[in-house]
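**Q** Sequence lines, in order, name chains A and B. Under numbering that gives the first Met the number 0, the first sequence has 53 at position 54, and the numbering climbs by one with no breaks. Under numbering that gives the first Met the number 0, the second sequence has 119 at position 120, and the numbering climbs by one with no breaks.
Derived by calculation from the structure, the hints in this document are not laboratory data. Certain hints may be false.
As the list claims (entries may be wrong) - Lysine-lysine pairs mimicking DSSO-like chemistry, simulated, CA-CA at most 27 Å apart:
| # | chain 1 | residue 1 | chain 2 | residue 2 |
| --- | --- | --- | --- | --- |
| 1 | B | Lys60 | A | Lys37 |
| 2 | A | Lys38 | B | Lys72 |
| 3 | B | Lys332 | B | Lys316 |
| 4 | A | Lys80 | A | Lys139 |
| 5 | A | Lys168 | B | Lys357 |
| 6 | B | Lys357 | A | Lys157 |
| 7 | B | Lys199 | A | Lys157 |
| 8 | A | Lys239 | A | Lys137 |
| 9 | B | Lys199 | A | Lys168 |
| 10 | B | Lys72 | A | Lys168 |
| 11 | A | Lys80 | A | Lys239 |
| 12 | A | Lys38 | B | Lys60 |
| 13 | B | Lys32 | A | Lys38 |
| 14 | B | Lys106 | A | Lys168 |
Claimed, not checked - Distance windows between CB atoms, simulated:
| # | chain 1 | residue 1 | chain 2 | residue 2 | range |
| --- | --- | --- | --- | --- | --- |
| 15 | A | Thr145 | B | Met270 | 57 to 65 Å |
| 16 | A | Tyr55 | B | Asn271 | 26 to 34 Å |
| 17 | A | Trp158 | B | Gly359 | 15 to 23 Å |
| 18 | A | Ala166 | B | Gly329 | 28 to 36 Å |
| 19 | A | Phe136 | B | Glu123 | 44 to 52 Å |
| 20 | B | Tyr325 | A | Phe106 | 40 to 48 Å |
| 21 | B | Pro323 | A | Leu116 | 54 to 62 Å |
| 22 | A | Tyr55 | B | Glu346 | 36 to 44 Å |
| 23 | A | Trp158 | B | Met270 | 44 to 52 Å |
In this text, a Cβ means the ideal position worked out from N, Cα and C, and glycines have one as well.
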Amino acid sequence: MYRIAQKTGVSNKRAALYRLIGIIGALVVSSIFILIAKKNPLQVYTSMINGAFGSYHRIRSIIIKAIPLAITSFGISVAFKLRFWNIGGEGQIMMGAFGAAWVALSFPDLSKPLLLLIMALTGFVFGGLYALIPAFFKGKFNTNETLFTLMMNYIAIKWVTYLQYNAWKDPSGMGFPKIADFSQNAWLPQVFGIHIGWIVTLVLAVVMHIFIKHSKKGYEISVVGESVNTARYAGMNYKKIMLQALFLSGGLCGLAGMIQASGVGRTLSVTTSAGAGFTAIIIAWLSRLSMPVMVVVAFLFGAMVQGGVYIETAYQIPQAVTSIIQGMILFFVLGTEFFIRYKIVPIKKEQEQGGKE
Amino acid sequence: MFRKVCAIALVFIMIFMMLTTGCTQKESEDQIKVGFVYVGPAEDKGWSYAHDQGRLYLEEKLDVTTIYQESVKEEDAAVEASIRNMIDQGCSIIFTTSFGFMSATKKMALEFPDVKFLHCSGYEMADNMSNYFGRMYQPRYLSGIVAGMKTESNKVGYVAAYDIPEVIRGINAFTLGVLSVNPEAEVFVRWTNTWYDPAKEKDAALSLLDEGCDVIAQHQDTPGPQIAAQERGKWAIGYHIDSRESAPEAFLTAPVWDFGPYYVEQVQNVMNGTWKAESYWGGMETGLVGLAEMKDNVPAEAKAKVDEVTQQIIDGKFDVFTGPIYDQDGNLKVKEGERMTDQEMLEFLWFVKGVVGKIG
Numbered sequence: 000m001y002r003i004a005q006k007t008g009v010s011n012k013r014a015a016l017y018r019l020i021g022i023i024g025a026l027v028v029s030s031i032f033i034l035i036a037k038k039n040p041l042q043v044y045t046s047m048i049n050g051a052f053g054s055y056h057r058i059r060s061i062i063i064k065a066i067p068l069a070i071t072s073f074g075i076s077v078a079f080k081l082r083f084w085n086i087g088g089e090g091q092i093m094m095g096a097f098g099a100a101w102v103a104l105s106f107p108d109l110s111k112p113l114l115l116l117i118m119a120l121t122g123f124v125f126g127g128l129y130a131l132i133p134a135f136f137k138g139k140f141n142t143n144e145t146l147f148t149l150m151m152n153y154i155a156i157k158w159v160t161y162l163q164y165n166a167w168k169d170p171s172g173m174g175f176p177k178i179a180d181f182s183q184n185a186w187l188p189q190v191f192g193i194h195i196g197w198i199v200t201l202v203l204a205v206v207m208h209i210f211i212k213h214s215k216k217g218y219e220i221s222v223v224g225e226s227v228n229t230a231r232y233a234g235m236n237y238k239k240i241m242l243q244a245l246f247l248s249g250g251l252c253g254l255a256g257m258i259q260a261s262g263v264g265r266t267l268s269v270t271t272s273a274g275a276g277f278t279a280i281i282i283a284w285l286s287r288l289s290m291p292v293m294v295v296v297a298f299l300f301g302a303m304v305q306g307g308v309y310i311e312t313a314y315q316i317p318q319a320v321t322s323i324i325q326g327m328i329l330f331f332v333l334g335t336e337f338f339i340r341y342k343i344v345p346i347k348k349e350q351e352q353g354g355k356e
Numbered sequence: 000m001f002r003k004v005c006a007i008a009l010v011f012i013m014i015f016m017m018l019t020t021g022c023t024q025k026e027s028e029d030q031i032k033v034g035f036v037y038v039g040p041a042e043d044k045g046w047s048y049a050h051d052q053g054r055l056y057l058e059e060k061l062d063v064t065t066i067y068q069e070s071v072k073e074e075d076a077a078v079e080a081s082i083r084n085m086i087d088q089g090c091s092i093i094f095t096t097s098f099g100f101m102s103a104t105k106k107m108a109l110e111f112p113d114v115k116f117l118h119c120s121g122y123e124m125a126d127n128m129s130n131y132f133g134r135m136y137q138p139r140y141l142s143g144i145v146a147g148m149k150t151e152s153n154k155v156g157y158v159a160a161y162d163i164p165e166v167i168r169g170i171n172a173f174t175l176g177v178l179s180v181n182p183e184a185e186v187f188v189r190w191t192n193t194w195y196d197p198a199k200e201k202d203a204a205l206s207l208l209d210e211g212c213d214v215i216a217q218h219q220d221t222p223g224p225q226i227a228a229q230e231r232g233k234w235a236i237g238y239h240i241d242s243r244e245s246a247p248e249a250f251l252t253a254p255v256w257d258f259g260p261y262y263v264e265q266v267q268n269v270m271n272g273t274w275k276a277e278s279y280w281g282g283m284e285t286g287l288v289g290l291a292e293m294k295d296n297v298p299a300e301a302k303a304k305v306d307e308v309t310q311q312i313i314d315g316k317f318d319v320f321t322g323p324i325y326d327q328d329g330n331l332k333v334k335e336g337e338r339m340t341d342q343e344m345l346e347f348l349w350f351v352k353g354v355v356g357k358i359g
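Could you put the whole structure together from the sequences, leaning on the hints where they help?
**A** This is the structure we're talking about:
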C-alpha cells in the first residue's frame, strides 16, 4: 500500500525542473487534440503566446480577466488559512454584485465617488454576510463547510437568475432577459484604459499580505488554522476568530463581485461571477496562500484564457479544443505542484500489520 | 539534467520564433478581414451554422479573410471583449449575429468609427452600423400551412426561446398559417429562455408531445425539438437550416436563411466604397429567407397551397399580417383589409387568437 507524505527540502532548481517538465508534458498531450483539429500545434502555441502578449489591447484584456481572480483568491485564502474550505466564492461574488447592483439601480443619481463607495461597502457586506451563514453553522453544529458553501453558490446564482429573468428584468429591453445597465455614475473610472480594479488589486495584495503575516488577527487566524486546540490553549476564542475571518473572506469575494458588475458588466447578470470563485481556489492553492504570488498567478491565468480566445478566432479552433488545452495545462501544472510538495511512499509490511491490530 | 532540459526548451522556443516570423509574412496587409460573432457553436446546425454558411460563401466569392468567435454570451462585457479582439486582429467589418449583441455592438460602433458593424436581428443603427434581418414571418406562415394540414390532434406545439417581438412575430405568423387551413387547430407555446440548449429544447418539445401535440415547430437553434418529435413518431418543422438529416422521419420542412448573398453584397460595397449604414429587412423575394424543400410526408394539398401563397408573397399580393386579426382575448387588433406596418411588427408584444401561451 502507499501513502502520501509531505516532502521537504526540494531545491528551487529541482522545483523549476519539475515545472518545466510539467509544462512540456501539457503541451505534448494537448498537441494530440490540436492535431485532431487539423492544426499545427507549434504554430498554435506560438500564436497563443502572441495572442496573450502581442499588443497593448491583449495585455489589457489579461489584466481585466486577472482582477476578479486575484481579489477572489485573496478572499478565499483568508478562509483557507483557517483551514475553513470556502468553496463558496462564486456565491459570495454574486451576492456582492447583487448588493452593489441594488444600490446602483436604486440611487442612480448619487455623485460618482459616493455611489461607488456605497456600492463597494454594500458589496463587501453582502458577500461577507453570505459567508457568515456557513461559518455560523460550522461553529454551532459543526456542519461540513465544503458542502455547505458549495450549495450556497447555487442558491446565489439562482437568486440572480430570478432577478434577471423576472423581478429586475429591464422593461425597456423589448422582452430580452437582462437587468438594466447601471447609470454612468456607477461605472468604475478607468486608469490607463483599465478600470481601477487593478489598483484595488495591487493595494489589497499589499494590505492583505501585511494583515496575514504581521497583524495580531492574522496571526490568530494562522494559529486556529494550524490547530484549534493550540488556539484554545492560548486562550483564543476560535469561533469568534472564524466568524471574523469568514466575514473578511466573503467580503473580499463580494468586493470582487462589485468590481465585476461595475467595471466590466455595467450591470448584474447570471454570469457576473463567470467561474472566478472556483478558479480562485486553484490560484490560491498554486500560490500557497501568498497574496503577492496570487497576483502573478492570476495574471498568468488571464494570459492563458486570453491566448485561448486568440487562437479560437485566429485559427478557428473550436472553443471545446481550447478548453481542453487549458484544462491540460492546468492538470499538468497542478500535478507537478503536487509532486513538488508531496511524495508517495510505500507503507512497509510491518506497519500495515501494525495498523490492523 | 536541469541544463539538458533548459537546452531542449531553448530549442523549442527558437522553433516557435522561427514559425511565428514565418506566419506574419504570409498574411497580406491590404486584404480585408471580416469578423463574425456567433451566439452558439458554428456547428450548431441552426442559427450560427446558417451564418457560418454565409461566412464560407463570402470567403468563396470574395478575396477576403474571415474569422469568427463562437459561443459568445449575450452580455455586453463578453461581446465587447470579442469585438475588441477582432479589431485588434485587424478586422474592419464585423457581423454580430444575435439580438443580445445589439447594445454592445452599438457601443463599439461609436468607439471605432472606422470599423463597419452589421448587427443581425436588432433595431439600433449608427453611421457605421447597419442592422439587417429577414422577413422570416413569411416562410413561417407557409410552414404553418403545412402544420395545419398535417396535424390530426389539432394541437401544434411551438418551442420558443424568448418572448421578444422577433419570436412573438414568428409564432403569430405561424399560427395564422395554421388557422388559414385549419381553423380548429391551436398552437401551444413553450418558452425555454435560451437560444441554444439542445437538451432543454428537446425537453420542452417532449412536454408538448405529452400534451397531445403531433406537430412541433420551433424558434430555437438546434434540431433538439425535431429529434424529440422523431422519437415519438410525430412530425416536426425545423428552423434556420434544412435539417432533415437530423430527424429524417419527423422533418416536414423548415423556414430557412440564406445569408451568403447578402454578406457578399455588403462586403463588396465596403470594398467599392459605396457602403452605407442601413436598416435592411429582406423578404422572400430577396432569397434571404425561404422555405426548405417540403418532404414527401407533407400532404399534396398542403404543397399546392404553399406554392400558391409563396407566389402571392413574392408578387407582393399577399401580406401575412393583414386584418382582420384578433388577439388572444378576441379583441380586433388589425381591421379588415389593413396591413400591419413594419414598426408595429417590430414591436409585436401580443399573441394572435389561436395561440395557447403567455407573454411575460
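**Q** Now tell me if each hint is right for this structure.
**A** Structure-based check of all given hints:
{"no.": "1", "hint": "B:Lys60 to A:Lys37", "in the structure": "24 Å, holds"}
{"no.": "2", "hint": "A:Lys38 to B:Lys72", "in the structure": "26 Å, holds"}
{"no.": "3", "hint": "B:Lys332 to B:Lys316", "in the structure": "21 Å, holds"}
{"no.": "4", "hint": "A:Lys80 to A:Lys139", "in the structure": "20 Å, holds"}
{"no.": "5", "hint": "A:Lys168 to B:Lys357", "in the structure": "16 Å, holds"}
{"no.": "6", "hint": "B:Lys357 to A:Lys157", "in the structure": "23 Å, holds"}
{"no.": "7", "hint": "B:Lys199 to A:Lys157", "in the structure": "17 Å, holds"}
{"no.": "8", "hint": "A:Lys239 to A:Lys137", "in the structure": "12 Å, holds"}
{"no.": "9", "hint": "B:Lys199 to A:Lys168", "in the structure": "22 Å, holds"}
{"no.": "10", "hint": "B:Lys72 to A:Lys168", "in the structure": "17 Å, holds"}
{"no.": "11", "hint": "A:Lys80 to A:Lys239", "in the structure": "15 Å, holds"}
{"no.": "12", "hint": "A:Lys38 to B:Lys60", "in the structure": "24 Å, holds"}
{"no.": "13", "hint": "B:Lys32 to A:Lys38", "in the structure": "21 Å, holds"}
{"no.": "14", "hint": "B:Lys106 to A:Lys168", "in the structure": "21 Å, holds"}
{"no.": "15", "hint": "A:Thr145 to B:Met270: 57 to 65 Å", "in the structure": "59 Å, holds"}
{"no.": "16", "hint": "A:Tyr55 to B:Asn271: 26 to 34 Å", "in the structure": "33 Å, holds"}
{"no.": "17", "hint": "A:Trp158 to B:Gly359: 15 to 23 Å", "in the structure": "20 Å, holds"}
{"no.": "18", "hint": "A:Ala166 to B:Gly329: 28 to 36 Å", "in the structure": "31 Å, holds"}
{"no.": "19", "hint": "A:Phe136 to B:Glu123: 44 to 52 Å", "in the structure": "49 Å, holds"}
{"no.": "20", "hint": "B:Tyr325 to A:Phe106: 40 to 48 Å", "in the structure": "45 Å, holds"}
{"no.": "21", "hint": "B:Pro323 to A:Leu116: 54 to 62 Å", "in the structure": "59 Å, holds"}
{"no.": "22", "hint": "A:Tyr55 to B:Glu346: 36 to 44 Å", "in the structure": "42 Å, holds"}
{"no.": "23", "hint": "A:Trp158 to B:Met270: 44 to 52 Å", "in the structure": "50 Å, holds"}
Comparing the model with each numbered hint stated earlier shows that all of them hold.
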